[in-house]
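One letter stands for each residue in the lines below.
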Amino acid sequence: MSGANSSLGVPHEGGVPHNDDGVPDPGELSGIPRSSAPPAPRPPMAHSLRDAGMAALVALGLFVPLVGLRTDVGPGGGGLIIRTRWADVAILVGLVFAGRLLLNLWTTFRPAPKPRTAQRSAMIARVGTWVAPVLLAYAVLLPMLPGTTRYGLDLGILVLTYVMLGWGLNIVVGLAGLLDLGYVAFYAVGAYSYALLSTTFGLSFWVCLPLAGLLAAFWGVLLGFPVLRLRGDYLAIVTLAFGEIIRVVLLNWVSLTGGPNGISGIPRPSFFGLSFSAGGGPGSFSDFFGLEPSPTHRVVFLYYVILALALLTNWVTIRLRRQPLGRAWEALREDEIACRALGINVTNTKLTAFAIGAMFGGFAGAFFATRQAFISPESFTFIESAIILAIVVLGGLGSQLGVAIAALVMIGGFEAFRDLEEWRMLVFGGAMVVIMVWRPRGLVSSRTPSVSLGKRRAIAAELVGQGR
Amino acid sequence: MSAPVLQVRELVMRFGGLTAVNQVSFNARAGDITAVIGPNGAGKTTVFNLITGFYRPSAGEILLHGRSGERALHRTPGHRIAQEGVARTFQNIRLFPGMTVLENLLVAQHNRLQASTFFGIGAALGLGRYRAAERAAVDLAKHWLEATRLLDRADDAAGSLPYGAQRRLEIARAMCTEPVLLCLDEPAAGLNPRESEELSELIRLIRASGCSILLIEHDMGVVMKISDRVVVLDHGKKIADGTPAEVRADETVIAAYLGEGDEDDTPAVPLEGAA
Numbered sequence: 006m007s008g009a010n011s012s013l014g015v016p017h018e019g020g021v022p023h024n025d026d027g028v029p030d031p032g033e034l035s036g037i038p039r040s041s042a043p044p045a046p047r048p049p050m051a052h053s054l055r056d057a058g059m060a061a062l063v064a065l066g067l068f069v070p071l072v073g074l075r076t077d078v079g080p081g082g083g084g085l086i087i088r089t090r091w092a093d094v095a096i097l098v099g100l101v102f103a104g105r106l107l108l109n110l111w112t113t114f115r116p117a118p119k120p121r122t123a124q125r126s127a128m129i130a131r132v133g134t135w136v137a138p139v140l141l142a143y144a145v146l147l148p149m150l151p152g153t154t155r156y157g158l159d160l161g162i163l164v165l166t167y168v169m170l171g172w173g174l175n176i177v178v179g180l181a182g183l184l185d186l187g188y189v190a191f192y193a194v195g196a197y198s199y200a201l202l203s204t205t206f207g208l209s210f211w212v213c214l215p216l217a218g219l220l221a222a223f224w225g226v227l228l229g230f231p232v233l234r235l236r237g238d239y240l241a242i243v244t245l246a247f248g249e250i251i252r253v254v255l256l257n258w259v260s261l262t263g264g265p266n267g268i269s270g271i272p273r274p275s276f277f278g279l280s281f282s283a284g285g286g287p288g289s290f291s292d293f294f295g296l297e298p299s300p301t302h303r304v305v306f307l308y309y310v311i312l313a314l315a316l317l318t319n320w321v322t323i324r325l326r327r328q329p330l331g332r333a334w335e336a337l338r339e340d341e342i343a344c345r346a347l348g349i350n351v352t353n354t355k356l357t358a359f360a361i362g363a364m365f366g367g368f369a370g371a372f373f374a375t376r377q378a379f380i381s382p383e384s385f386t387f388i389e390s391a392i393i394l395a396i397v398v399l400g401g402l403g404s405q406l407g408v409a410i411a412a413l414v415m416i417g418g419f420e421a422f423r424d425l426e427e428w429r430m431l432v433f434g435g436a437m438v439v440i441m442v443w444r445p446r447g448l449v450s451s452r453t454p455s456v457s458l459g460k461r462r463a464i465a466a467e468l469v470g471q472g473r
Numbered sequence: 181m182s183a184p185v186l187q188v189r190e191l192v193m194r195f196g197g198l199t200a201v202n203q204v205s206f207n208a209r210a211g212d213i214t215a216v217i218g219p220n221g222a223g224k225t226t227v228f229n230l231i232t233g234f235y236r237p238s239a240g241e242i243l244l245h246g247r248s249g250e251r252a253l254h255r256t257p258g259h260r261i262a263q264e265g266v267a268r269t270f271q272n273i274r275l276f277p278g279m280t281v282l283e284n285l286l287v288a289q290h291n292r293l294q295a296s297t298f299f300g301i302g303a304a305l306g307l308g309r310y311r312a313a314e315r316a317a318v319d320l321a322k323h324w325l326e327a328t329r330l331l332d333r334a335d336d337a338a339g340s341l342p343y344g345a346q347r348r349l350e351i352a353r354a355m356c357t358e359p360v361l362l363c364l365d366e367p368a369a370g371l372n373p374r375e376s377e378e379l380s381e382l383i384r385l386i387r388a389s390g391c392s393i394l395l396i397e398h399d400m401g402v403v404m405k406i407s408d409r410v411v412v413l414d415h416g417k418k419i420a421d422g423t424p425a426e427v428r429a430d431e432t433v434i435a436a437y438l439g440e441g442d443e444d445d446t447p448a449v450p451l452e453g454a455a
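Line by line, the protein sequences give chains A and V.
Counting with the working numbering, you get residues 6 to 473 for the letters of the first sequence.
Counting with the working numbering, you get residues 181 to 455 for the letters of the second sequence.
It is possible that some hints are incorrect.
Each computed DMTMM-like pair below joins lysine to aspartate or glutamate, with the alpha-carbon atoms no more than 25 Å apart [said to hold, decoys possible]:
hint, chain 1, residue 1, chain 2, residue 2
1, V, Lys417, V, Glu381
2, V, Lys322, V, Asp336
3, V, Lys322, V, Asp335
4, V, Lys322, V, Glu264
5, V, Lys322, V, Glu358
6, V, Lys405, V, Asp421
7, V, Lys322, V, Glu375
8, A, Lys460, V, Glu264
9, A, Lys460, V, Asp332
10, V, Lys405, V, Glu381
11, V, Lys417, V, Glu378
12, A, Lys460, V, Asp336
13, A, Lys460, V, Glu326
14, A, Lys460, V, Glu381
15, A, Lys460, V, Asp430
16, V, Lys405, V, Glu377
17, V, Lys322, V, Glu241
18, V, Lys322, V, Asp430
Derived Cβ-Cβ restraints for the label pairs, each shown as a range [said to hold, decoys possible]:
hint, chain 1, residue 1, chain 2, residue 2, range
19, A, Thr453, V, Asp319, 33 to 41 Å
20, A, Leu160, V, Pro257, 21 to 29 Å
21, V, Arg194, A, Val253, 37 to 45 Å
22, V, Ala239, A, Asp238, 32 to 40 Å
23, V, Glu358, A, Tyr239, 50 to 58 Å
24, A, Arg115, V, Ala312, 54 to 62 Å
25, V, Pro257, A, Asp238, 35 to 43 Å
26, V, Pro373, A, Met128, 44 to 52 Å
27, V, Ala388, A, Leu227, 48 to 56 Å
28, V, Ala388, A, Ile250, 52 to 60 Å
Calculated from the structure, these hints are not laboratory results.
Ideal Cβ placement from N, Cα and C applies to all residues, glycine included.
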C-alpha cells in the first residue's frame, strides 16, 4: 500500500500539499452552532401567488407536450393524426396552481410547530423500546396465530429474507459506511453455491449452508481488494459492476450454471434427517411425529429457518458493534484518516466488513435456493441490490430495528397494494419519497452508543457520519 | 543530554515539481518538547505527515527509538507507525463526531483490545479475558478524560462538544494509544488565551507522564514558554534549530518572519514579545 491515501484531507503524492488553512471540513464543524440568517420576511399573499404562478407555468410547459398533444392512428388506418386536449391541460395546470397556493398558504399561516417537549420525547423513547420485542414476538408466533394463511406464511418468509439481507448489507453500508450497490452478487453466490453443491455432490442443506456463507465471504474479500482505496461514487460504481459481472457470468457459463435456464430440482432442507414429503411415508416428518401429512409443515419449517438465520445475523451484528471490530467499522465510517493515525489497519477492517456482510448474503442466498427449489440469473438483477439498499437507507443506516421495519414496509407493503395493479409502483414510489422527506436519515436515525459510563443516550443523526 | 526519540535525516518530499521539504534534519530528544515553527507553507505539516506515515518521503530517513528498539518509520506502513508509538492530532480536528467521547477513546485502543478478543470470537461469547481488557481500556480512557477535564462529557457525542473540548479530546484520544512520541499539529489554533494556558499545562502534564512531544504551533506564546527546543523551517528548509532563546535571537529567523510576510499570518511581534 502506498503511503498516500486517495481520499479526504490527505492528497495523492503529486497532488497539492495538505491544506494548511486550518479550517475544519463542514462535517467537522458539526459541534459548532452555525449562524444562519433567518429568511427575509415577504408579504405572504403576494409571494404565495407568484410562487404558485411559477409552478403553474412549469406545469404548463410540461403538460402541453405530455398531455395536450396526442397522436392517434388516423380514421382510415393510414397515418397519424394529432389530437389536442387543451381542456385537460387547463384542468391540470389549474390543479397545480391551486395545490401550490394552498401549500404556500398553509406553510405561511400554520401555527408555529410546538417544540417537542421532554415528556413527549420520553414517551416516544418508551414506546420505541417496546417495538422490537413486540415485532419479535409476532414473528415467532406468526405460524401459530389463528388466521395465518399459507399466503401469509409465504409473505412472512419473503419479508424475513429481505430483513436478513438488509441486516447483512447494514454491516457494510450502515456500520462501515461503504456504499455497496452489488450486494445481490453475494446472494447469487450463496444461492448457486448451494444449488450446485447439492445437485452435484448430493450434500444436504445443513452442510451447504456454512459452505455457501464461506464462499460468499470469499467473494466479498475478492471484491474488497480492488475497491479498498475507492470511496463514495467510485466505490458504488465498481460494486455495481461487480454485481453485474456475477450475473452475466451465471447467465453465460451454461455448462456449469445452466445459463438462463437456471438450476431446478434443488433439494429441500430436512428436519434432522426427516424429509417433508407431501405423501408422508416412512422417514418423513409427518410420519415420525404421527401427524397428518401436510404441505404446510414445510412452509412453517422454512419460516422458522429464515427467522433463525435472520436473528443470527442480528445477534452477530449487535455483538460485533460492541466489540473493537464493530467500533472500528463505525470509526471508519466517521473518519478513515483518523483511524489510520490511531493504528487501525484500515485494509483489514474494510475487508472484514465486506466478508461478514457477504457471508450473511450467502446464507440468505442458500435459503432462497432451497425455498424456491429453482434458481436462475433472473432472480439476481440490479433491482434486487437497489431494493436491499433502499431498505437499509429507509430504515436508517446502522439501525437494526429500522432496517427490519423498512423491510416489512417495503416488501410487505408492496404486496399489500397488489390490488392497486398498475398504480402499485406509483404508490410505492410516492411512499418512499414521503418517508425520505419526512425522515431524511431513515426511520430510526439516531445512533445508540456501544458503551457508556453512565446512562446510554442516543446520538442525534446530524452528528453521525454517513460514510462515503 | 538524553538520547533522541526521533531522528529525521536529510528528509526530502517532492509533490511533482514542488519540493515541500528539502534536506531537513533534526532530532527530538526523549522527554523533550520539540517545536517545529515557520511561516505558512514552510512544510511543517508535510514533515508531520511524513513522520506519521501519511506520505512516503522522496528521500531521507526517519528513525524512531520506540518500544521495539530503532525503527525506520519511512519504511513502516501507516497504521503500524501508531502501533510503534507515534500518535498525532490534526490541524483540522478529526474526531469521530457521531461516536461518544468514550467510544472515541476506545477506538484509539483498538489494537490492544482486538488482540484480547481472539479474532472476535472470544468477545462474541463474552469471555472473561476480553471483559478484563475492556475494563482496563475504560480505565485508561477515564484517566485521560480526567486529565483533559472531559469526564462529565464522556457519554456525549464528540461532535456535540465545544471547539476547545474537541481539541482536548483529540489529544486525549492520541494519548490512549500510549505513544512514546506525541505529534501535535497546531493544538492551540482557535483557542482563547485561557484555553491556550490550559493547553500548555496539559502538554507539560503529558511530558511528565514520560511521553516526548513534537509540536507545530503558531502561537509563539505557547511555543516559547513550553518548548525545550525549537526547529524553524522556511520554504521547506531548516533555517534554525536551538533553544527558544537562541532561535528568538537568530537573524535568519527574524528575516523569515519579518522579511517575507507574503502569506504570513504570524507576525514577528508575538515572537519577540514572548517571555
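Quick check: which numbered hints come out false for this structure? Hints 1, 8, 11, 14, 15, 17, 18, 19, 20, 23 and 25 contradicted; others consistent.
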